[in-house]
Amino acid sequence: MLQKKPVPEPVIVSLTELKSKETPKVENLRIPRFDEFLAARSLSENSKIAYRRDIQHFLDWCDTPSWSDVKPRQVAQFKSHLLRVENNSCVLKDSSVARILGTLKNFYNWLLRSGYVSSDPTLAVDLPKILEPEANNLSLETVEKIFEAIETIRNPERNRAIFGLLLHGLRASEVCALNIGDYDGIRVDIKQAKAGSVGTVPLEGWCKELVDDYLEWLKAFYGENLKPEYPLFVSCSNRNNGKRISYDTINKLCDQIGKVIKIKFNAHQLRHTFATNLIISGMSPYHSMTLMRQKSFRNFKRYAKAAERAAAEAEFNKVSNGKSILRKNTDVLDES
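First residue of the sequence shown: 768, per the numbering used here; consecutive thereafter.
Wrong hints could be hidden among the right ones.
[Unchecked claim] In silico lysine-lysine, DSS-like type, Cα no more than 27 Å apart, as pairs: (1) Lys860 x Lys872; (2) Lys994 x Lys872; (3) Lys860 x Lys896; (4) Lys1072 x Lys961; (5) Lys961 x Lys986; (6) Lys961 x Lys975; (7) Lys838 x Lys961; (8) Lys994 x Lys1068; (9) Lys860 x Lys986; (10) Lys1029 x Lys961; (11) Lys846 x Lys912; (12) Lys1072 x Lys912; (13) Lys896 x Lys961; (14) Lys1062 x Lys958; (15) Lys1010 x Lys986; (16) Lys994 x Lys958; (17) Lys958 x Lys1068; (18) Lys1068 x Lys896; (19) Lys815 x Lys1026; (20) Lys896 x Lys815; (21) Lys1019 x Lys986; (22) Lys994 x Lys961; (23) Lys1090 x Lys815; (24) Lys896 x Lys1072; (25) Lys838 x Lys860; (26) Lys912 x Lys1026; (27) Lys961 x Lys1019; (28) Lys1029 x Lys912; (29) Lys1010 x Lys896; (30) Lys1072 x Lys860; (31) Lys1085 x Lys1072.
[Said to hold, decoys possible] Quick list of the computed label-pair ranges, beta carbon to beta carbon: (32) Glu918 x Val852: 58 to 66 Å; (33) Lys896 x Trp828: 19 to 27 Å; (34) Gly952 x Glu1080: 36 to 44 Å.
Read the hints as simulated data drawn from the structure, not as lab findings.
Because the structure is a prediction, the values reported are computed rather than measured.
Quick reminder that beta carbons are idealized off the backbone N, C-alpha and C, glycines included.
Please build the complete structure, drawing on both the sequences and the hints.
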């Protein structure tokens, strides 16, 4: 005869103990892979921030746990999501949509080449067509107003040199990254640049004088011994005094000067101004691209177009010469 096994005594487990044994929340594993993608590229910190901002649009929209599980249909739906219209207007500009999708395409191309995915779901999705970018250069009059306004704010010695270099086509991040040893009295050597666009840029005489004067001023800060590895441009604020200036420093200077001259502008417009003026002066596009350290001729064409418009307007004024070429017996009043 079989004997019944004794019933074990019940074990009371508190709810607190059960909660403590819950499976920990798994971190989003897609982000580390994107971090690896960024680490594999030669990008400035600002570019990395821009890439992260772009990919975050997709991470927020798509909850597929793995990059390899994303399907072409989802990418097409994501494109439609970016192109959505709310309150009778597009949420994002076509250029922003193209940039975000371009980041996703570049990332998947890297995933495929690295062996992390077996297929690229972005291949079947086209980028929206956008107009060719236009140059956003400043007039010579605005440039002069900027330098006049610099004299009315703090630290003009430093700020003159900063804007002199910006007007020679340097990006704001490149100006911030310069060390004293990167200037040899004739040119600046850009060693940290967007997409590896390093190189040297010769300076006009007036700008060399501004940098030389600033270095004399800087000696009072560092002492007579200016070491090559020291930052060229340092902060003068109470909180960051003596530290390398940041991208934000230059942005704030542009805002401050813009309020003085009542013209809103940004540092990158000075780079556009440099390129446009190179073309207007007659320099070949090849040499101009070399000084700009720009690899894409498509992007560079914007400056040529701006220069052509300026040249055409100058030629029109020349042939008109105070008289109408469009109507007879009409006195032309110069209202400019």
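Quick rundown of the hints versus the structure:
With a C-alpha separation of about 18 Å, the suggested pair Lys860 and Lys872 falls inside the 27 Å cut-off, and the hint holds. The straight-line distance between the Cα atoms of Lys994 and Lys872 is roughly 44 Å, outside the 27 Å bound, and the hint therefore fails. With a CA separation close to 11 Å, the supplied pair Lys860 and Lys896 stays within the 27 Å bound. Distance hint between Lys1072 and Lys961 is fulfilled; the C-alpha atoms sit about 24 Å from each other, no more than 27 Å.
Between Lys961 and Lys986 the alpha-carbon distance is near 30 Å, which puts this suggested pair outside the 27 Å criterion. Distance restraint check for Lys961 and Lys975: the Cα-Cα separation of roughly 24 Å lies within the 27 Å cut-off, and the hinted pair is therefore satisfied. For the suggested pair Lys838 and Lys961, the alpha carbons sit about 32 Å apart, so the restraint of at most 27 Å is broken. As the CA atoms of Lys994 and Lys1068 are separated by approximately 40 Å, the hinted pair breaks the 27 Å bound.
Between the alpha carbons of Lys860 and Lys986 the distance comes to roughly 48 Å, so the proposed pair goes past 27 Å and is violated. The straight-line distance between the Cα atoms of Lys1029 and Lys961 is roughly 30 Å, outside the 27 Å bound, and the hint therefore fails. This hinted pair does not check out: Lys846 and Lys912 have alpha carbons roughly 43 Å apart, beyond 27 Å. Of the supplied pair hints, the one linking Lys1072 and Lys912 holds, its CA atoms being roughly 25 Å apart against a limit of 27 Å.
Under the criterion of a C-alpha separation no larger than 27 Å, the hint pairing Lys896 with Lys961 is consistent with the structure, at around 25 Å. Using a Cα cut-off of 27 Å, the hinted pair Lys1062 and Lys958 holds, with the two alpha carbons roughly 16 Å apart. With a C-alpha separation of about 15 Å, the suggested pair Lys1010 and Lys986 falls inside the 27 Å cut-off, and the hint holds. For a cut-off of 27 Å, the pair hint linking Lys994 to Lys958 stands: about 17 Å separates their Cα positions.
Between Lys958 and Lys1068 the alpha-carbon distance is near 25 Å, which keeps this suggested pair within the 27 Å criterion. A distance of roughly 17 Å separates the Cα atoms of Lys1068 and Lys896; the hinted pair therefore holds under the 27 Å criterion. With a C-alpha separation of about 30 Å, the suggested pair Lys815 and Lys1026 falls outside the 27 Å cut-off, and the hint is violated. With a C-alpha separation of about 25 Å, the suggested pair Lys896 and Lys815 falls inside the 27 Å cut-off, and the hint holds.
The straight-line distance between the Cα atoms of Lys1019 and Lys986 is roughly 25 Å, inside the 27 Å bound, and the hint therefore holds. Between Lys994 and Lys961, the direct Cα distance comes to roughly 26 Å. Compliance with the 27 Å bound is thereby established for this hinted pair. Taken as a hint, the Lys1090 and Lys815 pair is broken in the structure, with Cα atoms around 55 Å apart against an allowance of 27 Å. Among the hinted pairs, Lys896 with Lys1072 is consistent with the structure: their alpha-carbon atoms are about 20 Å apart, no more than 27 Å.
Taken as a hint, the Lys838 and Lys860 pair is honoured in the structure, with Cα atoms around 25 Å apart against an allowance of 27 Å. A C-alpha spacing of about 11 Å is found between Lys912 and Lys1026, which places the hinted pair at or below 27 Å, so the restraint holds. As the CA atoms of Lys961 and Lys1019 are separated by approximately 21 Å, the hinted pair is consistent with the 27 Å bound. Of the pairs offered as hints, the one joining Lys1029 and Lys912 holds, with about 10 Å between alpha carbons and a cut-off of 27 Å not exceeded.
Note on Lys1010 and Lys896: the hinted pairing is violated, with a Cα-Cα distance of about 44 Å set against a maximum of 27 Å. Note on Lys1072 and Lys860: the hinted pairing holds, with a Cα-Cα distance of about 23 Å set against a maximum of 27 Å. About 20 Å separates the Cα atoms of Lys1085 and Lys1072, which keeps this hinted pair within 27 Å; it holds. Between Glu918 and Val852 the CB atoms are about 48 Å apart, so this pair departs from the stated range of 58 to 66 Å.
Checked against the given bound of 19 to 27 Å, the beta carbons of Lys896 and Trp828, roughly 22 Å apart, stay inside it. Take Gly952 and Glu1080: their Cβ atoms lie about 38 Å apart, and the range 36 to 44 Å holds.
Figure legend: structure checked against the earlier numbered hints; hints not met, in rising order: 2, 5, 7, 8, 9, 10, 11, 19, 23, 29, 32.
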